[in-house]
Amino acid sequence: MDIELITNILYATIRTGTPLLLVALGEIICEKSGVLNLGQEGMMLLGAVAGFIAMYHSDSFLIGFGAAALTGVLISLAFAFIALHLNASQVAAGLALTILATGLSAFIGADYEGKTVTALPSLTIDGLAAIPVIGKALFAQDAIVYLSWILVIAAYLFFKHHRAGLAVRAVGENPSVASNLGLPVMSIRYIAVMFGGALAGIAGAYLSLAYTPLWTENMTAGRGWIALALVVFASWRVERVVLGAYLFGFASIMHLVAQGLGLSVDGNLLAMMPYVATLVVLILLSRNPQKLRLFEPMYLAKPWHKGH
Amino acid sequence: MKKVMKKLALALSLGVGVNAGLMTTSAHAAQESVKVGFVYVSPTGEAGWTYTHDEARLYLEEKFGDKVTTSFVENVAEGADAQRVITQMAKSGHDLIFTTSFGYMNPTIKVAKRFPKVKFEHATGYKRAKNVGTYFDRIYEARYLTGVIAGHMSKSNTVGYIGAFPIPEVVRGINAFTLGLKSVKPDAKVKVVWVNSWFDPGKEREAADSLIDQGADVITQHTDSPAPLQAAEAAGIYAIGYHSDMSEYGKNAHLTAAVHNWKEFYAKRVAQVLDGSWQSEDVWQGMDANMTQLAPLSDAIPPEVQAKIQLLSAQIAEGKLHPFTGPMVNQQGQQILAKGEVMDDNALRKMDYYVAGVEGKLK
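Protein chains in written order, with the UniProt record's numbering: chain H, 1 to 308; chain X, 1 to 363.
Simulated from the structure, these hints should not be mistaken for lab results. Glycine included, every Cβ here is placed at the ideal spot set by N, Cα and C. Hints may be right or wrong, so weigh each one.
To be verified - Residues from chain X that face chain H, not an exhaustive set, calculated with beta carbons under 7 Å:
| # | residue |
| --- | --- |
| 1 | Glu46 |
| 2 | Val193 |
| 3 | Pro201 |
| 4 | Arg205 |
| 5 | Ala207 |
| 6 | Ser210 |
As the list claims (entries may be wrong) - Straight-line Cα separation of at most 27 Å, DSS-like style, residue types lysine-lysine; simulated pairs:
| # | chain 1 | residue 1 | chain 2 | residue 2 |
| --- | --- | --- | --- | --- |
| 7 | X | Lys113 | X | Lys35 |
| 8 | H | Lys115 | X | Lys251 |
| 9 | X | Lys263 | X | Lys35 |
| 10 | X | Lys263 | H | Lys115 |
| 11 | X | Lys263 | X | Lys127 |
| 12 | X | Lys117 | X | Lys350 |
Said to hold, decoys possible - Counterexamples of contact, computed for chain X against chain H with all Cβ distances above 10 Å:
| # | residue |
| --- | --- |
| 13 | Glu55 |
| 14 | Thr124 |
| 15 | Ala164 |
Generate the whole structure from the sequences, applying the supplied hints.
Structure below.
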């Protein structure tokens, strides 16, 4: 393998991992507040179609990604209302959200099927991008990749050092106690869900505006579900979700690169790797139930109402 | 056997005439008009497999005018869903139904049994019945020509091929392409990457990028989305599309595409239903019947190469040139065809090995 190939693999790894990173980060924030939203795949699809249509007519990436984020927020509000306000099962409401949003995205996007837009350009930082091996991966990406890094750092600092971050975690660990302490449990959960929706929307639009600049039905092809596994893989830690997303990206690139290199490894075996890694992490975590309990928000997916 | 069939048909038509009072009196009578249904596996969109079928559907409406009404259902999942949709179509008075995906084969056969008066045409399948015909085009002929073009356009002598699933239909295309490529550049090689999906734009993009990273300067595909074209356009290399003209997805990258053309075939079958001569057949035609075509050639292809492609196309159409003509050796160096020997259809249908020049392992 020559240097240039390695450079390109790293570059592709980051690009492939970016939509996963964005959705998974949104889901972590959502789950930290104790809400399990299985609607990621659907929200991504709606984000992809909304972003695409907005971009198609406005020719502005800002409007495209803005529309995608807004769509994610709106549809996640519908979920929040059913799951939080009406106290429906979060699992059922999330699944329903995905089914609804998948159909809705196909319906909305019917007239745009197979159309294309110009791709989100790369923002290359001239001097730094020339650094061997890592330069292209780190300094020749597009705006959304850089945004994802900013969001990761912000989320990390938020949960580690900010009072509001602690409040979100407290709500996820025990909403009743948090409520007694005077925290607005419902508002915090609503905001967390909406944030997850916005990131899922942007992740979807990343596919339809940057990665493969076109709209076609079901174009997320299961990436929203992978992101849900990633959250468990990362054991609800922001810094680990970065590792996980890029690991998934790397594995999904490598199984294609290996075929091209003629390595005698079965492609299907390599395609399996990220899932195997998730299983291994789950097994390692569950060997120590104490530890697992420390990571997973205690009240994840449990309905709660004031005075409960 | 024929006698029995005739009697059976007569009995059937009498039975129908008596008890249901339907307008049709015989299975083979001419009709005033035809209602034609189409079952699609993906959205009609602006390019791709389903797009080519819908192009032909629109052609039917244009050609036959009032004599034909068409309807279609898109995005029908293979399996139980397909059976439901096909049944609904048969029930709602369609005379002729085109089911356009391999996975519709068993549902089509099942529904056809229950509706013996409705005629079915199943694309890419191998199971037939008295009222179910099958059809496909010899797309490998166009593949061979695109291989010749790739041979003239590649400078790195490495060409990338994105495959969906390692089944004979796809492998045949890879081999035909490789034979065309090597007829120009004996040292050139084809790198194959399987994505294990007919349609996943993201994965196809990743596959295209990985091939480009490994030195391919022309890529082609046996998958449905235009994502590889976009990847080639972004990387400034050439690409060859599939199913339909994909030039709008890569204005500079697109050299040509291996294209299906169902228009005349569909028109012929509709005309046969109209005049009562329709019979179940297995149709596998190519450039001779204009069922397989090349999309318009890009200006990037030098005029002398374009002329050569015209000549080769004519030779294939006239039956003078068969892409699978010996001497031909497989990847392991074993001889498959002796010099001058032409592969028969049976061997073509079962192809499960790579020819020499393809990189990577099939099994």
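We went through each hint and held it up to the structure:
1. About 4 Å separates the beta-carbon of X/Glu46 from the nearest beta-carbon of chain H, less than 7 Å, and the hint is met.
2. Checking X/Val193 against chain H by beta carbon gives a least distance of about 5 Å; that is within 7 Å, so the hint holds.
3. At a threshold of 7 Å, the smallest CB-CB gap from X/Pro201 to chain H is about 4 Å, leaving the interface hint in force.
4. Because the smallest distance between the Cβ of X/Arg205 and any Cβ of chain H comes to about 5 Å, under 7 Å, the interface hint for this residue holds.
5. Using the Cβ-Cβ criterion of 7 Å, the hint placing X/Ala207 at the interface with chain H is satisfied: the shortest such distance is roughly 5 Å.
6. At its closest, the beta carbon of X/Ser210 sits 4 Å from a beta carbon of chain H; the interface hint therefore holds under the 7 Å criterion.
7. Pair hint X/Lys113 plus X/Lys35 holds up; C-alpha atoms about 19 Å apart against a cutoff of 27 Å.
8. Our distance criterion of 27 Å between C-alpha atoms is met by H/Lys115 and X/Lys251, whose separation comes to about 14 Å.
9. Proposed proximity of X/Lys263 and X/Lys35 is supported: the alpha carbons are some 16 Å apart, at most 27 Å.
10. At roughly 24 Å between alpha-carbon atoms, X/Lys263 and H/Lys115 fall within 27 Å of each other, so this suggested pair holds.
11. Between X/Lys263 and X/Lys127, the direct Cα distance comes to roughly 23 Å. Compliance with the 27 Å bound is thereby established for this hinted pair.
12. A hinted pair counts as satisfied when its Cα atoms are at most 27 Å apart, and X/Lys117 with X/Lys350 does not qualify at roughly 33 Å.
13. For X/Glu55, the requirement that its beta carbon stay farther than 10 Å from each beta carbon of chain H is met, with the minimum near 13 Å.
14. No Cβ of chain H approaches the Cβ of X/Thr124 within 10 Å, the least distance being about 21 Å, so the stated non-interface status holds.
15. Distance check on X/Ala164: its Cβ is at least 12 Å (rounded) from any Cβ of chain H, clearing the 10 Å threshold; non-interface status holds.
Violated hints amount to a single one, hint 12; each of the other numbered hints is respected by the structure.
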